[in-house]
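Protein chains: 2
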Amino acid sequence: MTEHSNDHTSQSEHNHSHCIEQALETAESLCAEHGQRLTKVRRRALELIWQSHRPLGAYQLLAKLAEEGFNSAPPTVYRALEFLLSAGLIHKVESMNAYLGCAHADKPHKGYFLICDECQNVMEFDYQDIHKILIDKAATQGFQLRSETIELTGLCSSCQNGDDEGGCK
Amino acid sequence: MTEHSNDHTSQSEHNHSHCIEQALETAESLCAEHGQRLTKVRRRALELIWQSHRPLGAYQLLAKLAEEGFNSAPPTVYRALEFLLSAGLIHKVESMNAYLGCAHADKPHKGYFLICDECQNVMEFDYQDIHKILIDKAATQGFQLRSETIELTGLCSSCQNGDDEGGCK
DNA sequence: AACAAGAATGTTATTTTGTAACATTCTTGT
DNA sequence: ACAAGAATGTTACAAAATAACATTCTTGTT
Ligand SMILES: [Zn+2]
Ligand SMILES: [Zn+2]
Ligand SMILES: [Zn+2]
Ligand SMILES: [Zn+2]
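Just so you know, the sequences run in chain order U and A. Just so you know, we're using the numbering used here here: the first sequence kicks off at 279 and counts up by one. Just so you know, we're using the numbering used here here: the second sequence kicks off at 279 and counts up by one.
Worth flagging that the hints you see were computed from the coordinates, not collected in a lab. We put the CB at the ideal spot given by N, CA and C, even for glycine. A couple of the hints might just be wrong.
[Claimed, not checked] Heads up, incomplete: computed chain U residues facing chain A, CB under 7 Å, no partners named: (1) Glu-372; (2) Met-374; (3) Pro-386; (4) Lys-388; (5) Leu-392; (6) Tyr-405; (7) Ala-417; (8) Arg-424; (9) Thr-427; (10) Glu-429; (11) Leu-430; (12) Thr-431; (13) Gly-432.
Can you build the whole structure from these sequences, using the hints too?
Now the structure itself:
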């Protein structure tokens, strides 16, 4: 996987619905490929997560699902999240207890995030170099790496410029 | 700050009480230096966190404090944790919701962690290279870094060898 | 179509983690 | 002694996640 910047969460006015469609298509085909079922809740959960420009909390998602007639008990949403996570379709941002659609689900990877403290927009970035360095670093301690949580916070360029405090909410 | 491996949490049988004393001394002098008060709860909280070989949850800590006659309401422990965190005397491991003593509180830094999935031992490591790379990487996106959450999980060497599943608990 | 097995969802209750808000007490400088 | 701010006590609650068990939905097989 090459370096990329996932700008679906930036303040740009691109047609986000394209991203969403793309993500859902990818999800459909990945699930088909692996014999997994992208059921109604799961699909809708994924879509709702994508529709949010910033990471969505489990209970925020649950509320949205409930509005639409889905069951409104926590296990519903946590099961959907678990499925989407294990399918690599979303990431969890540990430091926010929130979930984010992944635009590169077809290429298994660790999510590295840049999180703006001001507008809460999140940019996923890929940096193979860092990944390699971390693996090596761990190896020198005899440590065998499994998962990586890399979440950087700070100020995005828009918020530094006082643009409009983070663009579209 | 140079590279180091904080092995106070490893399975080695070193005299951990030395680490604790050291940490408390550092804490005392740092607080004095900055005109902050290392009160009884705060001091004891720090000590208890250090006495645990693995990251300690807020409510685990609260229970221990309560046993010793301290107030047993959540705010007590969260206030102590907040103080210790902001003083740089402990780190929070986001992916575990748990807290860990820092052996290098005198040199302000971000906590980078290697967490064993098996024995839950945590090793703090420093890697100035990574820090620099991340800052640069963020900068190329116009992003100004503030905090870094870097938590790697996997298997420590002991657990790979099936040593004794993580040493002392 | 009938059936069985496993996957997915429904339901209820509880646990774990973390805060808000306001009252009281302690510390320090005057 | 006094005032101001820091720290702690207290009560209540919010937010995030899971346990356990019942029910329903799918899918392949007979
Ligand atoms: Zn991703
Ligand atoms: Zn921003
Ligand atoms: Zn540290
Ligand atoms: Zn281990």
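To see whether the hints hold, each was checked on the structure:
With a least beta-carbon distance of about 4 Å to chain A, the hint placing Glu-372/U at the interface is held under the 7 Å criterion. Proximity of Met-374/U to chain A is violated relative to the hint, the smallest CB-CB distance being about 9 Å (cut-off 7 Å). Below 7 Å, beta-carbon pairs count as interface contacts, and Pro-386/U has none with chain A, the closest being about 16 Å; its hint is therefore violated. Using the Cβ-Cβ criterion of 7 Å, the hint placing Lys-388/U at the interface with chain A is not satisfied: the shortest such distance is roughly 9 Å.
Interface restraint check for Leu-392/U: the shortest CB-CB distance to chain A comes to about 5 Å, inside 7 Å, so the restraint holds. Because the smallest distance between the Cβ of Tyr-405/U and any Cβ of chain A comes to about 6 Å, under 7 Å, the interface hint for this residue holds. Interface hint status for Ala-417/U: violated, as the beta-carbon distance to the closest one in chain A is roughly 10 Å, over 7 Å. Taking 7 Å as the C-beta contact cut-off toward chain A, the hint placing Arg-424/U at the interface holds, the least distance being around 4 Å.
The interface hint given for Thr-427/U is met, as the beta carbon of that residue sits about 4 Å from the closest beta carbon of chain A, less than 7 Å. At a threshold of 7 Å, the smallest CB-CB gap from Glu-429/U to chain A is about 4 Å, leaving the interface hint in force. The beta carbon of Leu-430/U is positioned within 7 Å of a beta carbon in chain A (closest approach about 5 Å), and the interface hint is therefore held. A hinted interface residue such as Thr-431/U counts as satisfied when its beta carbon comes closer than 7 Å to some beta carbon of chain A; here the least separation is about 5 Å, so the hint holds.
The interface hint given for Gly-432/U is met, as the beta carbon of that residue sits about 4 Å from the closest beta carbon of chain A, less than 7 Å.
Hint compliance for this structure: hints 2, 3, 4, 7 are broken, all remaining hints hold.
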